[in-house]
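**Q** Each chain, written out:
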Amino acid sequence: DAKTTQPPSMDCAEGRAANLPCNHSTISGNEYVYWYRQIHSQGPQYIIHGLKNNETNEMASLIITEDRKSSTLILPHATLRDTAVYYCIFLGGGADGLTFGKGTHLIIQP
Amino acid sequence: EADIYQTPRYLVIGTGKKITLECSQTMGHDKMYWYQQDPGMELHLIHYSYGVNSTEKGDLSSESTVSRIRTEHFPLTLESARPSHTSQYLCASSGGTLSYEQYFGPGTRLTVT
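Line by line, the protein sequences give chains S and B. Everything in the first sequence is counted per the working numbering, starting at 246 for the first residue and increasing by one. Everything in the second sequence is counted per the working numbering, starting at 28 for the first residue and increasing by one.
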């Protein structure tokens, strides 16, 4: 998987929106942006993915810039249980396994 | 919540023992995966399967083997455990055309003494 750039850590107050940025300037036209998170000692959890349109599901929203070189994951009302490492990856055809970088360690403060 | 299960959750075993880590999913997914992850480290794909009787090695070389006799079951076996096999083993599955929406089990934390 090609590289993405994410801040190593972020804090957010409980109840506020958490906005997690990701740069993926080398993404190509047929590659999707995926977000996963991993809570300590648990398996990764799929959150959301998108190609070029903004996406929303019950967990989060994904905002992708028009040039597709960056995106932002939004957790609208963060709770303590959202404390985790969040991974942004982009993937296209051919690859099977997921390879995560360092991700962003999001800490929700009470 | 995804319906993918792994047993045991924790296993401490002596060197040289044969072990099988179980993974089952009830979602009818064709694709299944085994990953290895050390604490605080990156995820590494060690095996995957596209369906029954299909198994492939992943990016990280592993001494383990897998089988896929039934769609829902993807066990991983170590014939002779060694301390270097100590790690967390995560099983995942995916359905549909895009294989990157993967659902993970809780993992098995293996310690070989």
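I should point out that these hints are in silico values taken from the structure, not numbers from a laboratory. Be careful, since some hints might not be right.
Under the rule of at most 25 Å between Cα atoms (straight-line distance), these lysine-lysine pairs were calculated in the BS3-like manner [stated by the list, open to error]:
1. B:Lys44 with S:Lys347
2. S:Lys248 with S:Lys347
3. B:Lys44 with S:Lys248
4. S:Lys297 with S:Lys314
Given the structure is predicted, the values throughout are model-derived calculations rather than measurements.
**Q** For every hint, state whether the structure bears it out.
**A** These are the hints, each one checked on the structure:
1. B:Lys44 with S:Lys347: violated (34 Å)
2. S:Lys248 with S:Lys347: Measuring from Cα to Cα gives roughly 10 Å; hence the hint holds.
3. B:Lys44 with S:Lys248: Violated. Lys44 (chain B) to Lys248 (chain S) sits at ~39 Å, over the 25 Å cutoff.
4. S:Lys297 with S:Lys314: With Cα atoms ~10 Å apart, Lys297 (chain S) and Lys314 (chain S) stay inside 25 Å; holds.
In summary, the numbered hints that this structure violates are 1, 3.
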